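Engineer: Here is how the chains run, residue by residue.
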Amino acid sequence: MSAVATPAGAAPAVVRRAGVLRRFTRHPLALFGFVTVTLLCLSALFAPAIAPHDPLFLDTSKRFFIPFANSGFPLGTDELGRDTLSRLLYGGRISLTVGLVAMVTTVITGSLIGLTAGYTGGWVDTVLMRFVDTMLCFPQVFLLLVVAAFVPPSLISISMIIGLTSWMEVARIVRSEILHLKEQDFIQAARALGASRARIMFQELLPNIAAPLLVAATLKVASAVLVESYISYLGYGVQPPLASWGNMLTNAQGYFDTVPWLAILPGAMITLTVMGFNFLGDGLRDALDPRLRMDT
Amino acid sequence: MLSYIARRLLQSVPLLIGVSVIGFGLMHLAPGGPLAVYTLNPTITSQDIDRIRIVLGLDQPVHIQYFKWAAGMFTGNWGNTFFGGRPVLHVILERMPATFLLMGSALSLAILIGATIGVLGAIRRYSVFDMLATSGAMVALSFPTFWFGLMAIYFFAVHLGWLPSGGMYRLGEEDNIVDLLRHLVLPVMVLALVITAIWSRYTRSSFLEVLHQDYMRTAKAKGLRAHERLLRHALPNALKPLIALLGIELPALFSGALVTETIFGWPGMGRLFVDALGMKEYPILMGMIMFTGMFVIVGNLLADIAIALIDPRVRLG
Amino acid sequence: MVEPLLEVRGLRTHFPILSKVLRRRVGTVRAVDGVDLTVMPGEVLGIVGESGSGKTTAGKSILRLIEATAGSIAFEGREITGLSTAAMLPLRRRMQIVFQDPMSSLNPRMTVGRILSAPFEIHGVARGAQARGHVVDLLRLVGLPEEAVDRYPHEFSGGQRQRVGIARALALRPALIIGDEPVSALDVSIQAQIMNLLKRLQGELGLTYILISHNLGVVSHICDRVAVMYLGRIVESGPREALFFDAKHPYTEALLAAVPSPDPGARRRSVPLDGDIPSPANPPTGCAFHPRCPQAMARCAVEAPPPVMLAGGHSVACHLHPG
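Protein chains in written order, with the working numbering: chain A, 46 to 341; chain B, 3 to 319; chain C, 3 to 325.
To be clear, the hints were calculated from the coordinates, so they are not data collected in a lab.
Quick caveat, the model's predicted, so the values are computed rather than measured.
Virtual Cβ for every residue (Gly too), placed ideally from N, Cα, C.
Check before you lean on any hint, since a few could be wrong.
Short derived list, chain A residues pointing at chain B, Cβ under 7 angstroms [said to hold, decoys possible]:
id, residue
1, ARG175
2, VAL186
3, LEU190
4, LEU271
5, TYR275
6, ASP302
7, ALA308
Output of the computed footprint for chain C on chain A, the stretches with three or more beta carbons under 8 angstroms from beta carbons of chain C [to be verified]:
id, stretch
8, 233-242
9, 252-263
Make a model of the complete structure from these sequences and hints.
Structural biologist: Here it is, written out as structure tokens:
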């Protein structure tokens, strides 16, 4: 044999990757999600460059400017004279950061627990799954608030607390995938070679669950941003003067009758962000699903 | 059937224990512990704190404290509030009706509307209605509930003046049902939004799965008409995962209720929780966490029993 | 006197059936129920039987991929049944397996290069570029081009994937390779190719094989000795010629009757086989084959026949041949 001929029935990798892309681009909503998320991430990344003002700079002589009325303050100012656009941009930075760090925490925790439970089996599996079931009995917001109220709030602590109260779903997804995968011959082959449990879990099994993990991760960013906005609104999340879309709403509530845009804008941004990640996640799930079935 | 119920009850016990352990652990993990509210108060001397510590039984080893506390929970003694010394269980129970009214109304409304949308979407897959419903559900899921609530208050209460902007009753009108209903509309609408979205998606996928089964095609071949097929064959089978969903979504329902009550000043358990948070009322916080945890366990148990009633495979297998 | 490479005595692998509620043992699946095997170095032993006969379980139990319930397995003179995972590790270089399904035996997310360098990495023999060198050698050995290193399993045909599986088994130059239905999932024309490859490798590398198959015809190709399994026990075993031309056990005869013969003139007792193989959880009393045996006697339902050694290393467990 001088060259690897592509036999009938086995699709070459290039064609399959294009298939995923094609399926993804067929959904306009998925594309919308992708574009939205990209734009948001870019604006968050380049906030210092784009923002016209320092978000913390207050000037009470310039309170309550109306959006689109003043070129210096494109989206108006808040009750302390701070530029709304800049605060929105920097707030996005914070909210997205929290969302991403929370997602990473969730994915790592959930994967570790799911992998261990699924592959080890036996009483380890039972104990871990009982733990997951127990954690699922608590409403996430209740748990979050209790912990957040008593832990000194910092971006890292908020992100991790959010992450540590939403990993259960990921653990379940990972575990069920692993249960199915571990009966496959290639896992038995690895055991026959003497591969260590860690090697099998991380090098053999993990790459095979990358697709559902990616989908779960995307959707988790959405839920993390949502949850962060709520606890920041209540005052237990991101602390002022640092702006997050959630805590921008706390003060805006009092001025609703007179200056509603202070509340409308941050909320709209939250909605847009969460929508973007949700659509992206859904699109990824639809695009990746058939390929998953083709492999195993 | 009885053996199935017994089995499920047995399975719930470790859950209950787990919930209590985690709840207890949370209380003691917090910096300052249950005495934080006192230690931060400069007027209380350290001897006072020691005395309080003994009175509250906090000088004893952790596992003893746990057992005492757990035993107390079992007998209905959930401790007393820090401020005012009222029994925690009573405080929670007196807020329960308000929250259950809100949750119950929102859930019923959401299931009704959501399931209808879902079924219609499943029957006419990929139609304009279905596409709108699916994306609409996605958008609704992305709304921050509290922001939606604020918008709703602004629009309906402030701007249009149709509905009250908060609270459960107008002062002095506690017996007026109409007044209650007027106050209920906005909170229920807000809480129901997300639940409706979830239910419509879930119902749609559950029905889609059922509609494509072979037995549906057989029913059609037998000559059964559409609504007969739907009601007698599709519905019972699609119902099972939906009842399971009810149980699974209970915690989220509580979370949503908490948010909604905060926005609308609805005097329920959620509001109680947030207020207690501000005052660092550990006993109430603990009691609420335990309450919701236990409620969810019971809710899931009931859902499983309901499923077993419908689906003989479950109770026999 | 050459030492046997593998000696298996009284191998039993039973799986408990657990009740749903309290997970109490309510039954046992006796997949392997008393198997004795001796494999000499350089030999090719075939284990043949229907699905449900326990042959795959026996093979995996020997490799300790499945834990045997009882019995002794001595590999290169050393008892391996009680060994810890750590103690087994060096032995795993000496005994390997080729799986039946070329689709699921290779990790779809790994390139062939990674799959084949894994054995070297796991045993600390080589990494990186050095491992790649070994990998290329392996590919050449099984007749695959060097470019295969960067390709994924789905880019290959079934036969090619099976070659990769064989290459993986060969990586650390084992003494024993167990082939669990290595060609059953392949097209007939490819089956011959792979069997020839296995035969060539055996000659070149001095390997010892245990080939498990339900297809006597395939096995006859390269096996020196054949053992026939039924419901967890070996009913007949011996040199290939003895089994093929002088089969003693009625089950063996039935299996042989099912093999299409290129020589229409060969004498053949055509013996129809009734019904299905019984469940290993509920085996018949006495000789497990008696319900389907055309020559069953009263004694067969009562007493299980012990294996009897006939001339020339041919053994059979049947009351027709009490020895």
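Engineer: Of all the hints given earlier, name the ones this structure violates by number, lowest first.
Structural biologist: Nothing - there is no hint that the structure violates, so all of them hold.
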